[in-house]
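K.L.:
Mind docking chain Z on chain W? Use the hints.
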Amino acid sequence: MHFLRVVLGWILVFTLALGAVLWYVDPRGQFGGGRFPTVTLDARRQKMDLFRTFEAQAPVEGLILGSSRTMKLDPAVFSERTGLRFFNFTVDAAKAEDYLSIYRWARAQGAPIRRVMLGLDVEALHDDNMYFTNFRHNPELRRMLSQGQGGAALVGVSASVSRFKDMFTVDYLRDTLRVVASAARSEERVPFMQFTANGYLHYPGREQQRAAGTFDLTREVSACLPGYLSIYGGMRSLSPQRWGYIETLVREVQQGGGEVEIWISPLHPATTELLASQTRYTALLAETRAALEGLSRRTGVTVRDYASPERFGSNAQDWYDCAHIDNRGAELLSSRLLGEGEDTSGTGRPTSSLKTPLTAEGSPNGL
Amino acid sequence: MVFNSDIFLFAFLPIVFALFWLLREKQARYILLTISGYIFYGYWDWRFCFLMLFSSLVSFGSGLMIQRAQEQRTKRAWMIGTICVDLALLGFFKYYNFFAESLHAVDPAIAPPLLNIILPIGISFYTFHTISYVVDVAAGRVRATGNIFEYLTYVSLFSQLVAGPIVRFRQIEADLERIDKPPQTDQMALGVGFFAVGLIKKVIIADTIARMVDPMLANHENLSMLGAWMAALGYTFQLYFDFSGYSDMAVGLGYLFGIRIPQNFNAPYRALGIGDFWRRWHISLSSWLRDYLYISLGGNRKGPTRTNVNLIIVMLLGGLWHGANWTFVIWGAYHGLLLVIDRALQPWLTRWPPLLYRWSTFLLVIIGWVFFRAESLPMALDWLGKMVGIGTGNGDVPQTLMVMCVLCFVAVNTLPETWDIRFPKTVRWAPVYALSLLLAYLFMNGANSTFLYYQF
Numbered sequence: 001m002h003f004l005r006v007v008l009g010w011i012l013v014f015t016l017a018l019g020a021v022l023w024y025v026d027p028r029g030q031f032g033g034g035r036f037p038t039v040t041l042d043a044r045r046q047k048m049d050l051f052r053t054f055e056a057q058a059p060v061e062g063l064i065l066g067s068s069r070t071m072k073l074d075p076a077v078f079s080e081r082t083g084l085r086f087f088n089f090t091v092d093a094a095k096a097e098d099y100l101s102i103y104r105w106a107r108a109q110g111a112p113i114r115r116v117m118l119g120l121d122v123e124a125l126h127d128d129n130m131y132f133t134n135f136r137h138n139p140e141l142r143r144m145l146s147q148g149q150g151g152a153a154l155v156g157v158s159a160s161v162s163r164f165k166d167m168f169t170v171d172y173l174r175d176t177l178r179v180v181a182s183a184a185r186s187e188e189r190v191p192f193m194q195f196t197a198n199g200y201l202h203y204p205g206r207e208q209q210r211a212a213g214t215f216d217l218t219r220e221v222s223a224c225l226p227g228y229l230s231i232y233g234g235m236r237s238l239s240p241q242r243w244g245y246i247e248t249l250v251r252e253v254q255q256g257g258g259e260v261e262i263w264i265s266p267l268h269p270a271t272t273e274l275l276a277s278q279t280r281y282t283a284l285l286a287e288t289r290a291a292l293e294g295l296s297r298r299t300g301v302t303v304r305d306y307a308s309p310e311r312f313g314s315n316a317q318d319w320y321d322c323a324h325i326d327n328r329g330a331e332l333l334s335s336r337l338l339g340e341g342e343d344t345s346g347t348g349r350p351t352s353s354l355k356t357p358l359t360a361e362g363s364p365n366g367l
Numbered sequence: 001m002v003f004n005s006d007i008f009l010f011a012f013l014p015i016v017f018a019l020f021w022l023l024r025e026k027q028a029r030y031i032l033l034t035i036s037g038y039i040f041y042g043y044w045d046w047r048f049c050f051l052m053l054f055s056s057l058v059s060f061g062s063g064l065m066i067q068r069a070q071e072q073r074t075k076r077a078w079m080i081g082t083i084c085v086d087l088a089l090l091g092f093f094k095y096y097n098f099f100a101e102s103l104h105a106v107d108p109a110i111a112p113p114l115l116n117i118i119l120p121i122g123i124s125f126y127t128f129h130t131i132s133y134v135v136d137v138a139a140g141r142v143r144a145t146g147n148i149f150e151y152l153t154y155v156s157l158f159s160q161l162v163a164g165p166i167v168r169f170r171q172i173e174a175d176l177e178r179i180d181k182p183p184q185t186d187q188m189a190l191g192v193g194f195f196a197v198g199l200i201k202k203v204i205i206a207d208t209i210a211r212m213v214d215p216m217l218a219n220h221e222n223l224s225m226l227g228a229w230m231a232a233l234g235y236t237f238q239l240y241f242d243f244s245g246y247s248d249m250a251v252g253l254g255y256l257f258g259i260r261i262p263q264n265f266n267a268p269y270r271a272l273g274i275g276d277f278w279r280r281w282h283i284s285l286s287s288w289l290r291d292y293l294y295i296s297l298g299g300n301r302k303g304p305t306r307t308n309v310n311l312i313i314v315m316l317l318g319g320l321w322h323g324a325n326w327t328f329v330i331w332g333a334y335h336g337l338l339l340v341i342d343r344a345l346q347p348w349l350t351r352w353p354p355l356l357y358r359w360s361t362f363l364l365v366i367i368g369w370v371f372f373r374a375e376s377l378p379m380a381l382d383w384l385g386k387m388v389g390i391g392t393g394n395g396d397v398p399q400t401l402m403v404m405c406v407l408c409f410v411a412v413n414t415l416p417e418t419w420d421i422r423f424p425k426t427v428r429w430a431p432v433y434a435l436s437l438l439l440a441y442l443f444m445n446g447a448n449s450t451f452l453y454y455q456f
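As they're listed, the protein sequences go chains W and Z.
81 is the number that my numbering gives to position 81 of the first sequence; each next residue is one higher, with no gaps.
242 is the number that my numbering gives to position 242 of the second sequence; each next residue is one higher, with no gaps.
The following block holds chain W by itself, in its conformation from the complex:
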């Protein structure tokens, strides 16, 4: 027993020592140290900070929600066309719980949200029901999700425990070593992603490569495919719980006097093809379309199907990788969302409810 106690004692010592180093270096910027560069982006935290400042300047009336696949939609364009002050609150690896909790959080900051534009990823309804790390670590957003259910203190504790526990992974250790090595070499790196004050995303490195003509889209698409294969490889159906969050979001926005517009966010054609051949993506996409159709009938929200680029007049070149559209793709998508370009309704504005079923063979405009 003495031996075991000594081993456990040493484990405690090593854990505390390692924890102190990881906390001090803070490679993912979770603890606010700021002594070293960070290697990954936590859009939730960054956008919450940006939103507070943006909202303090003038009330935010429009929100763009979604994942990194919708980050390139420029809120300034939406503000200009609609007259509402928009903020792009899309966050990395967003799931349905993010959409709902972000909306509630924005409302809790006093923002009079009148319009919500939601770029829905099919994987946002993943049946694993697992919180993405950055959501799990975020007590403010998690509290919004469990609003009215009590146990707010427990949510905070759980988020903190989760944040500290997740430090002890080999990936976190690798990130720590990377930033220390980077700092030691005094490297000035071009950040991969950067947000403007209204939540709009820039890819500085990629934009530089584009300008210099050195950007290799084929390589970027190939590099990104395994990640999506992994996401959809484990997805068997749509999560009822997550679908419930979407319905709740729609209901709450409408109860608050606002409008919701939802579109299925696009994937690069190579991604769609690969996912269709190796995963249940096609069936899941069909289920998502059917669910949105039902939602539209019940609530009158506008829904659109922009799952593939040709549906908003784009093509396989308007991309940064296998899932993220570039500036041109984003302009085309924004333009369709704002009712410009080809629009079968002929009104120049999006329809307020779904008249035509969502099908894979729908019009290029979506519906």
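Treat the hints as calculated values from the structure; they're not laboratory data.
Some clues are possibly wrong.
[As the list claims (entries may be wrong)] So these bits of chain Z aren't anywhere near chain W, every CB distance computed over 12 Å:
| id | residue |
| --- | --- |
| 1 | Gln27 |
| 2 | Phe93 |
| 3 | Tyr96 |
| 4 | Arg280 |
| 5 | Ser296 |
| 6 | Leu415 |
| 7 | Trp429 |
[Claimed, not checked] Just so you have them, the derived chain W footprint on chain Z, three or more residues with Cβ under 8 Å:
| id | stretch |
| --- | --- |
| 8 | 186-196 |
| 9 | 211-220 |
| 10 | 431-441 |
[Claimed, not checked] Per label pair, the in silico range of CB-to-CB distance:
| id | chain 1 | residue 1 | chain 2 | residue 2 | range |
| --- | --- | --- | --- | --- | --- |
| 11 | W | Ser237 | Z | Gly446 | 40 to 46 Å |
| 12 | W | Leu8 | Z | Ile421 | 44 to 50 Å |
| 13 | Z | Asp420 | W | Ala183 | 41 to 47 Å |
| 14 | Z | Ile341 | W | Gly234 | 40 to 46 Å |
Beta carbons: idealized from backbone N, C-alpha and C, even for Gly.
P.N.:
Same frame as chain W, now just chain Z:
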């Protein structure tokens, strides 16, 4: 519950361990270990606890009846009756749908209906535990215990409950009898040492290889010839480090509770011949099949032809024991045939240079694992075809996998087996144990992995 999960490491194990050493009475420790075994098992699906309890009670009662019986015929009747009950449960839960589907393919008119049967995890292991117990009692190799909790502890011991090793009552009877003795320092060191090595094998080696091999096999149509070989080699090492890692952890946990669990692996990839391979791989299963099936069939006592038939039957059933799938049947038949050939050619094979014999054995084992891993016969044939250059695709092979395979090949050929490690028992070495466990945890934390043998 799996050994490499937070719930096990930070809740279940510390609580059970603390209670175990707080409770000094033998009976209290039996009850604690029984309850913890059922919690461990029920964490997956509590309903199947009743199945395990039923199987345990039947064999416990049968053991007592065999013990009391005066006539050999009565003993035999009780033994056969119990084996029938156990095999009926195993057959229904594990093989019903397999046979129904197979019959359906032959003639739907004669096939029974397909049922939505969930395979109870670990049923293959605890069924073999209970069968070995009644057979040993009937053969007089062990005295039936009259202590129900001692017996339930044996069957439901969480360290070897769902993925082995297959431990016989007589192998741990002495330790169970003196379970109320105080802990020994050397056992704690061995427990921690075995557990740390097992965890490292599992989370650092096996899981890393799995992350590269699984996507390759999910897309096996695209495998190149090199890819097909690397996938086979990768899986060969993944399976070994996964299962031997689990067995090491089981042994380590056993030591922490004062129970010595026998060795399950002895450098199997260094075997000289398939017969030697089966003396080194999953020793508890191969020795169980030898003692309770091969010898019961007559072993090698009835002439060379019957010996060969017995070998093939045993390996076929051994294959089927792993899973209700034709791939396992073929894998078993393949090993049965190899055993027969190995026996026939022994005089000639033993004249080979040892390294050549060892590596050719290894090569045959790798080919066998293709059937073991493949999800269906077409997949196995496609994969094997690609290994000989038929229908190859142009899929990539991760360089890391190649490096891992080279390192693993060197390791399994040169490094000592866990059982050959002389774990230092002085506290001076405590920091090394602590660092090893922490390192393994860094790899484990957040990763979602289970053990390959859980499915069997």
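K.L.:
Hint by hint, note whether the structure agrees.
P.N.:
Now the hints, each set against the structure:
no.: 1; hint: Gln27; in the structure: holds (22 Å)
no.: 2; hint: Phe93; in the structure: holds (24 Å)
no.: 3; hint: Tyr96; in the structure: holds (24 Å)
no.: 4; hint: Arg280; in the structure: holds (30 Å)
no.: 5; hint: Ser296; in the structure: holds (43 Å)
no.: 6; hint: Leu415; in the structure: holds (22 Å)
no.: 7; hint: Trp429; in the structure: violated (9 Å)
no.: 8; hint: 186-196; in the structure: holds (count 4)
no.: 9; hint: 211-220; in the structure: holds (count 3)
no.: 10; hint: 431-441; in the structure: holds (count 7)
no.: 11; hint: W:Ser237 x Z:Gly446: 40 to 46 Å; in the structure: violated (24 Å)
no.: 12; hint: W:Leu8 x Z:Ile421: 44 to 50 Å; in the structure: violated (21 Å)
no.: 13; hint: Z:Asp420 x W:Ala183: 41 to 47 Å; in the structure: holds (44 Å)
no.: 14; hint: Z:Ile341 x W:Gly234: 40 to 46 Å; in the structure: holds (42 Å)
This entry does not satisfy hints 7, 11, 12, going by the numbered hints stated previously.
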